[in-house]
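Colleague: In our numbering, the protein residues as written are 1 to 512.
These are calculated hints, taken from the structure and not from any lab test. Keep in mind that this is a model prediction, so the values were computed, not measured. Using N, Cα and C, we set each Cβ at its ideal position, and we do this for glycine too. Be a bit skeptical, because a hint or two may be false.
To be verified - Computed list of lysine to any residue pairs in SDA-like fashion (alpha-carbon distance at most 20 Å, straight line): (1) Lys-192 with Asp-305; (2) Lys-53 with Gln-63; (3) Lys-352 with Asn-342; (4) Lys-48 with Tyr-116; (5) Lys-56 with Gly-157; (6) Lys-366 with Glu-418.
Claimed, not checked - Simulated DEER-style distance windows between Cβ atoms: (7) Glu-136 with Phe-490: 32 to 40 Å; (8) Val-214 with Lys-192: 27 to 35 Å; (9) Ser-427 with Pro-491: 17 to 25 Å; (10) Asp-451 with Leu-30: 50 to 58 Å; (11) Met-465 with Asp-156: 34 to 42 Å.
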Amino acid sequence: MAGPESTPSPRQLGVTKILSPVGPSEADLLRTEELNKFLVDAGLYESKEESFKRVKVLSIIEQIVNVWVKQLTRVRGYTDQMVGDANAALYTFGSYRLGVHGPGTSIDTLCVGPSYVNQDEDFFFGLHNILTKMEEVTEFQPVPATHVPVMKFKFDGISINLFYANISLLVVPCEGLGLDILDNSVLYDVDKPTARSLNGCRYTDQILKLVANVEHFRTTLRCIRFWAKQRGIYSNVTGFLGGVSWAIMVARVCQLYPNAIPSMLVSRFFKVFSHWRWPNPVMLCTLQEDELGLVVWDPRKNPEDRTHHMPIITPAYPSMNSSYNVTNTTLGVITEQILFGNRICEDIKLNKAEWPALFEPYKFFKSYKNYLQIDIVASNTDDLREWKDWVESQIRQLTLMIERDTSGMLLCHPYPREYSDPSKQCSHIAFFMGLNRKQSEVVGEGRPQFDIRGTVDEFRHLVNMYMFWRPGMDVFVSHVRAKQIPVYVFPERIHASRKRSHDKGAKASTSK
Numbered sequence: 001m002a003g004p005e006s007t008p009s010p011r012q013l014g015v016t017k018i019l020s021p022v023g024p025s026e027a028d029l030l031r032t033e034e035l036n037k038f039l040v041d042a043g044l045y046e047s048k049e050e051s052f053k054r055v056k057v058l059s060i061i062e063q064i065v066n067v068w069v070k071q072l073t074r075v076r077g078y079t080d081q082m083v084g085d086a087n088a089a090l091y092t093f094g095s096y097r098l099g100v101h102g103p104g105t106s107i108d109t110l111c112v113g114p115s116y117v118n119q120d121e122d123f124f125f126g127l128h129n130i131l132t133k134m135e136e137v138t139e140f141q142p143v144p145a146t147h148v149p150v151m152k153f154k155f156d157g158i159s160i161n162l163f164y165a166n167i168s169l170l171v172v173p174c175e176g177l178g179l180d181i182l183d184n185s186v187l188y189d190v191d192k193p194t195a196r197s198l199n200g201c202r203y204t205d206q207i208l209k210l211v212a213n214v215e216h217f218r219t220t221l222r223c224i225r226f227w228a229k230q231r232g233i234y235s236n237v238t239g240f241l242g243g244v245s246w247a248i249m250v251a252r253v254c255q256l257y258p259n260a261i262p263s264m265l266v267s268r269f270f271k272v273f274s275h276w277r278w279p280n281p282v283m284l285c286t287l288q289e290d291e292l293g294l295v296v297w298d299p300r301k302n303p304e305d306r307t308h309h310m311p312i313i314t315p316a317y318p319s320m321n322s323s324y325n326v327t328n329t330t331l332g333v334i335t336e337q338i339l340f341g342n343r344i345c346e347d348i349k350l351n352k353a354e355w356p357a358l359f360e361p362y363k364f365f366k367s368y369k370n371y372l373q374i375d376i377v378a379s380n381t382d383d384l385r386e387w388k389d390w391v392e393s394q395i396r397q398l399t400l401m402i403e404r405d406t407s408g409m410l411l412c413h414p415y416p417r418e419y420s421d422p423s424k425q426c427s428h429i430a431f432f433m434g435l436n437r438k439q440s441e442v443v444g445e446g447r448p449q450f451d452i453r454g455t456v457d458e459f460r461h462l463v464n465m466y467m468f469w470r471p472g473m474d475v476f477v478s479h480v481r482a483k484q485i486p487v488y489v490f491p492e493r494i495h496a497s498r499k500r501s502h503d504k505g506a507k508a509s510t511s512k
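Make a model of the complete structure from these sequences and hints.
Modeller: Written out as structure tokens, the structure reads:
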């Protein structure tokens with residue numbers, strides 16, 4: 001029997017007609033109930049206490065930025081009336097705004113200020129100084145020289161990624177009182193970093209507007225995000241897919257099956273994308289033509305856009321490819337994992353498997369015979385945190401360099417998880433890449449040998465050009481075989497070794 005969500009959507013969402021208006025069966029309702037229980041048991045939802053604390057912290061930060069803007073307004077010599085009206089609006093986006101964040105997840109937050117409060121001097125210097133003097137603020141890390149400038153910190157234990165955008169208004173209305181973040185007018189006369197900062201919010205809000213049932217979308221996205229992390233393919237920076245890409249893909253499936261519930265949507269997600277013919281783009285709406293001089297993704301006009309392997313297009317002007325970091329190798333890995341997910345979901349429908357089977361962690365260190373180990377070191381914890389972010393952002397370049405220098409015959413699988421050696425305290429982090437020769441299409445051709453030492457040297461030279469490099473920051477890249485993988489990447493082995501030692505000690509004590 002169809003459930004209460006089987007009523008057809010009052011309007012078509014998306015760029016094509018729906019694939020099916022069918023609602024859930026009794027079996028689908030039961031599987032969704034089991035899926036919800038699994039997500040709760042897996043600890044993917046934060047407590048009410050943490051949820052309340054997040055709201056409180058955001059309120060405090062909003063007060064701080066408003067005081068900061070009023071102070072600058074007075075310093076700039078504006079009238080008392082202007083000082084009184086001066087304001088900054090705070091918007092959240094990403095997983096928090098989408099409602100799919102979990103315990104400990106950082107909150108992506110955008111501060112929108114007036115035209116005369118700039119990013120460099122005022123935000124990264126003035127507000128920076130205010131925040132660093134507050135005892136609630138810890139682990140402060142400004143990142144000004146990046147694609148989207150950001151200040152990262154913890155406020156009373158809550159992780160915040162704070163972005164800034166100044167728009168072409170002397171007075172910024174409070175959120176909900178006149179400033180429509182989705183209106184293209186907010187992008188008028190702004191520079192590219194500001195447009196990118198604004199678009200984080202614009203993409204998020206537009207996605208929520210383009211699905212028929214937001215709650216079903218949220219549960220499905222929470223599920224797919226967890227699955228992608230378990231299977232090692234959740235990471236935009238290393239060449240896989242980040243949060244916005246997964247959200248767009250899930251939203252597209254929700255558009256195609258507007259009356260489906262989460263268990264159905266998860267299954268159809270893998271069905272749809274296991275048959276997707278990349279590089280056909282995933283789009284939630286028709287693309288808006290350029291009207292403010294900003295670059296819009298369009299392979300008909302932009303030759304670079306034709307080279308993208310897995311285009312997933314953001315739904316607000318100016319639309320861009322959220323997955324431009326995907327390489328030929330990482331596309332292969334993502335496709336393989338989606339096929340795995342499809343097989344498991346088929347088994348679940350036939351009662352041959354249960355939901356935990358879908359979320360089994362990927363056995364990365366059993367998948368290859370050869371690996372690259374990338375060791376990142378620094379003099380202290382703060383330097384390591386900053387240096388690690390930079391080196392990790394360049395690992396995708398190492399993948400591309402190796403593909404280039406071996407003519408695509410050596411495939412590199414970067415694993416988006418960091419490991420640390422406890423014996424080196426807080427000064428070391430390691431990443432790993434699986435290496436595999438591409439199967440030769442020529443019968444009888446021998447196995448080629450690759451010397452990538454020159455490629456590795458080029459990579460080390462690249463990362464050592466870091467603008468904020470300090471003594472002690474270094475990176476080492478070494479080839480290791482599967483049997484040489486350091487024991488600290490296997491917590492279960494460390495636990496088993498300690499248990500054996502404990503048991504031997506207890507046995508020796510008893511024998512005495």
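Colleague: Does each hint fit the structure? Answer for all of them.
Modeller: Comparing the hints with the structure gives:
1. Lys-192 with Asp-305: Status holds; Cα separation ~18 Å.
2. Lys-53 with Gln-63: Measuring from Cα to Cα gives roughly 15 Å; hence the hint holds.
3. Lys-352 with Asn-342: It holds: about 13 Å lies between the C-alpha atoms, which stays within 20 Å.
4. Lys-48 with Tyr-116: With Cα atoms ~39 Å apart, Lys-48 and Tyr-116 exceed 20 Å; violated.
5. Lys-56 with Gly-157: Roughly 12 Å separates the two Cα atoms, so the pair holds.
6. Lys-366 with Glu-418: holds (17 Å)
7. Glu-136 with Phe-490: 32 to 40 Å: Once the Cβ atoms are compared, 37 Å apart, the range 32 to 40 Å for Phe-490 and Glu-136 holds.
8. Val-214 with Lys-192: 27 to 35 Å: holds (31 Å)
9. Ser-427 with Pro-491: 17 to 25 Å: About 20 Å separates the Cβ atoms of Ser-427 and Pro-491, which means 17 to 25 Å holds.
10. Asp-451 with Leu-30: 50 to 58 Å: Hint holds: Cβ distance 56 Å, inside 50 to 58 Å.
11. Met-465 with Asp-156: 34 to 42 Å: holds (36 Å)
When held up to the earlier numbered hints, the structure conflicts with hint 4 and nothing else.
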